[in-house]
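2 protein chains.
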Amino acid sequence: MEPYRLTATQALSNIRNGSLTVEQYARSLLSRIQERDSAVQAWAYLEPNHVIEEARRLDRVPLGDRSPIHGLPVAVKDLIYTKDMPTQYNSPIYDGHAPKLDAASIMILRLAGALILGEVTWFDYTTKPGKTTTTEFASAQGGPKTCNPHDPTRTPGGSSSGSAAAVGDFQAPVGVGSQTGGSVIRPGSFNGVYAFKPTWNAISREGLKFYSPILDTIGFFARCVDDLELMTDLFDLEDDDTAINEFAVKGAKFGVAKTVVWPKAGPGTKMALESAVQLLRSHGAEVEEVELPTGFDRMPEWHMALTESEARATFLSEYRLAKEKLSPFLAGRVENVNKVSRAAQLEAYDGIAALRPKIDEIAKGYAAILTPSVVDEAPLGLQSTGSPVFNSMWTALHTPVINIPGFKGANDMPIGISLVAPRYHDRRLLTVSKAVGAIFEAEGGWERKL
Amino acid sequence: MEPYRLTATQALSNIRNGSLTVEQYARSLLSRIQERDSAVQAWAYLEPNHVIEEARRLDRVPLGDRSPIHGLPVAVKDLIYTKDMPTQYNSPIYDGHAPKLDAASIMILRLAGALILGEVTWFDYTTKPGKTTTTEFASAQGGPKTCNPHDPTRTPGGSSSGSAAAVGDFQAPVGVGSQTGGSVIRPGSFNGVYAFKPTWNAISREGLKFYSPILDTIGFFARCVDDLELMTDLFDLEDDDTAINEFAVKGAKFGVAKTVVWPKAGPGTKMALESAVQLLRSHGAEVEEVELPTGFDRMPEWHMALTESEARATFLSEYRLAKEKLSPFLAGRVENVNKVSRAAQLEAYDGIAALRPKIDEIAKGYAAILTPSVVDEAPLGLQSTGSPVFNSMWTALHTPVINIPGFKGANDMPIGISLVAPRYHDRRLLTVSKAVGAIFEAEGGWERKL
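Protein sequence lines correspond, in order, to chains A and B. Its first residue numbered 1, the first sequence is counted upward by one per residue in the UniProt record's numbering. Its first residue numbered 1, the second sequence is counted upward by one per residue in the UniProt record's numbering.
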């Protein structure tokens with residue numbers, strides 16, 4: 001098998017046993033990228049010579065000095081600082097911006113011997129259907145260019161577009177992204193990959209561009225749960241309970257939370273959720289619907305109030321610097337065009353905060369809670385990156401969420417289902433997801449054709 | 001009067017009316033710095049030629065293109081990125097670190113025509129009496145060097161040591177600092193200046209080194225409230241209610257919250273608070289003690305749980321990079337030596353979050369709540385920067401707090417009193433503080449002798 005087809009876990013094992021060098025692995029990925037880049041266009045910055053040089057440097061590190069992720073190639077959302085590449089935020093304000101700084105997450109990856117391949121594109125999750133506004137910082141720069149690898153006429157989702165598309169297209173085994181609304185889970189679903197948003201603040205966001213500090217969360221993409229576990233190991237993401245290594249779907253109890261936004265679910269997602277429930281039951285699990293108590297119905301409104309009011313402070317600097325280069329959408333946040341009052345902002349902070357322990361308590365009753373990842377399969381066109389409506393609530397609740405691929409929509413495009421766990425039950429969630437993912441991938445009906 | 005003696009408001013008015021140039025102002029401050037630097041040692045980085053060059057550039061800006069703060073000299077805590085100077089975090093890990101990046105707050109200041117004088121020192125607020133650990137990142141670098149300008153044998157407080165000392169010593173009219181525990185309010189009190197910690201998140205912290213994201217807050221130092229109002233104007237810090245420009249102490253009602261840590265108050269602070277209450281009453285205000293409901297007594301413990309558990313993620317990158325250059329204190333955070341469980345961390349998040357609307361509701365009943373700023377006047381010696389015990393609760397509650405100078409301790413060192421308002425009542429708090437500050441400064445008994 002071509003090395004680029006391997007999961008990170010497989011490739012790193014080959015590197016460890018000497019059957020693959022980091023350089024060979026890198027060259028395989030680079031040739032895949034070369035072959036596919038015109039179709040997918042996932043990269044904002046990639047310098048093949050630099051990647052090869054870095055790979056060679058990593059090959060020279062003595063075996064005894066290597067961490068478990070030594071040689072892991074990573075695609076980084078162009079919203080996260082990397083000291084050897086520009087980080088341009090997809091914004092004309094930051095053209096050529098290259099501050100020689102690694103974000104905390106990138107520093108940790110690099111110190112462990114990860115191979116930073118390049119910066120991948122990201123696009124607005126604020127796009128509204130019918131509007132031509134395209135990128136978050138930069139309507140002036142034109143629309144999103146990254147395509148869904150499974151169908152280039154469709155969006156890869158956003159805002160972590162390139163991270164998910166690169167991983168879905170075998171151009172990188174692991175991607176680093178971030179989520180403020182649905183920017184990790186949604187593109188995960190659209191591209192048919194696992195996407196993991198850990199508990200808020202469990203991984204330092206230092207060096208990630210701010211949007212909404214109470215929401216912004218670093219997340220990861222991979223093509224299997226094992227690869228996500230490499231990340232949780234690397235970032236010391238521990239639960240209170242000792243890690244369970246085994247989890248049996250048979251006899252386990254799952255919840256299903258359709259949530260207040262369920263009426264927005266399209267036929268693909270309805271089928272996927274129904275199918276997920278049937279599969280779990282057919283494998284011996286108990287599945288019951290979770291009725292979320294009063295209060296949770298206000299989550300969409302509160303999430304909106306927080307993104308708007310926090311963005312007002314966050315983007316004031318760019319607004320002052322070059323209002324004309326800021327998208328009208330973001331300029332409107334700074335101008336508070338929707339007149340979100342401080343009282344509304346505080347009600348949102350406090351209302352959501354009060355629900356966090358409640359959802360933890362509910363989720364503790366289940367192996368995991370199933371909930372939609374998306375409205376439906378990736379929509380046609382690149383102007384809209386789709387809706388985060390099924391994700392934003394969980395972002396604000398700070399719970400870990402993982403997108404599990406396996407299902408498909410009317411056009412054979414992938415659809416995933418989200419699994420949710422209580423805060424700081426990240427490792428347990430990954431263990432559960434491994435068993436659930438095996439079933440969904442085998443029997444959910446979607447086939448990866450790339 | 002020498003320009004360096006002016007408040008920012010006075011100096012900017014002189015610049016506006018043509019009686020002072022930015023260069024003249026800068027030269028006056030630089031000569032003050034030259035005269036006093038050996039005694040106070042507030043600066044981590046200052047390049048006089050660069051300052052003069054910048055001042056000249058600002059003098060060349062046409063009058064019609066100037067913002068209200070054009071020419072405002074600012075001292076920046078060496079924990080906040082400035083693109084034309086190194087930002088070294090007082091850590092050997094970051095020696096020579098100069099990523100050519102302005103923090104969001106600095107970008108806003110610079111775009112408005114502020115004159116960034118230099119980076120000022122900062123020192124650990126984690127120092128424990130009896131320990132020789134000194135600086136947050138860097139026990140290896142030796143102890144704090146900045147002295148209290150009012151008595152060089154005493155600490156200026158921390159962690160925003162240089163910001164407060166420089167302003168207290170007339171080396172800069174305004175300082176930018178940050179507070180995670182008591183790092184703005186405490187040095188404000190020790191140096192006899194106004195110190196303002198706005199509502200959490202109201203000013204973007206992007207480009208400020210992370211410690212604890214749910215606590216970290218940008219703050220300001222100045223020698224009068226008018227100068228702090230320049231900052232709230234600049235950063236668009238608006239309350240819901242239209243700004244009141246007039247506030248009369250007479251007939252107003254104040255609360256006094258001694259809080260659960262009151263037994264730690266020394267004689268200086270006890271006298272200051274008593275004196276503050278008497279002064280307000282003598283000026284016709286009603287003052288009553290506020291009994292905080294159950295729950296608030298857990299704030300110190302919860303604040304500690306959050307700093308410890310968030311620092312665990314925040315400093316993982318530096319720990320991996322150079323554990324040996326990290327102070328044992330911070331390394332211990334990453335190693336979670338105090339075994340703060342995830343459950344304890346979540347209880348702290350949720351417990352504090354539930355108290356935020358409660359304190360808002362209580363504070364709305366008063367013009368402001370008075371509470372101690374410090375245990376007592378600045379202690380002798382430089383090894384400890386003093387205790388943040390009276391500040392950390394308000395940091396975690398996200399309320400705006402201002403230190404008002406005016407009182408003194410047994411050794412004639414300044415002692416301030418904190419005024420607290422509900423979240424996002426920042427402007428109202430400043431207006432109230434102006435009236436209260438006039439009384440405390442005139443009748444509180446402390447005299448600025450510098």
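What the hints contain is simulated information worked out from the structure, not anything from laboratory work. Warning: the hint list may mix true and false statements.
Identical copies go unnamed one by one, so any copy, or any two together, can satisfy a pair.
[Said to hold, decoys possible] When the alpha-carbon atoms are kept at most 30 Å apart in a straight line, the in silico DSSO-like pairs for lysine-lysine are as follows:
| id | residue 1 | residue 2 |
| --- | --- | --- |
| 1 | Lys270 | Lys258 |
| 2 | Lys253 | Lys358 |
| 3 | Lys339 | Lys434 |
| 4 | Lys364 | Lys339 |
| 5 | Lys145 | Lys258 |
| 6 | Lys434 | Lys250 |
| 7 | Lys323 | Lys83 |
| 8 | Lys325 | Lys83 |
| 9 | Lys100 | Lys83 |
| 10 | Lys253 | Lys100 |
| 11 | Lys100 | Lys323 |
Quantities reported herein were computed from a predicted structural model and do not represent experimental measurements.
- Query: Taking each numbered hint in turn, which are not upheld by the structure, reported in ascending numerical order?
  - Reply: 5 and 10
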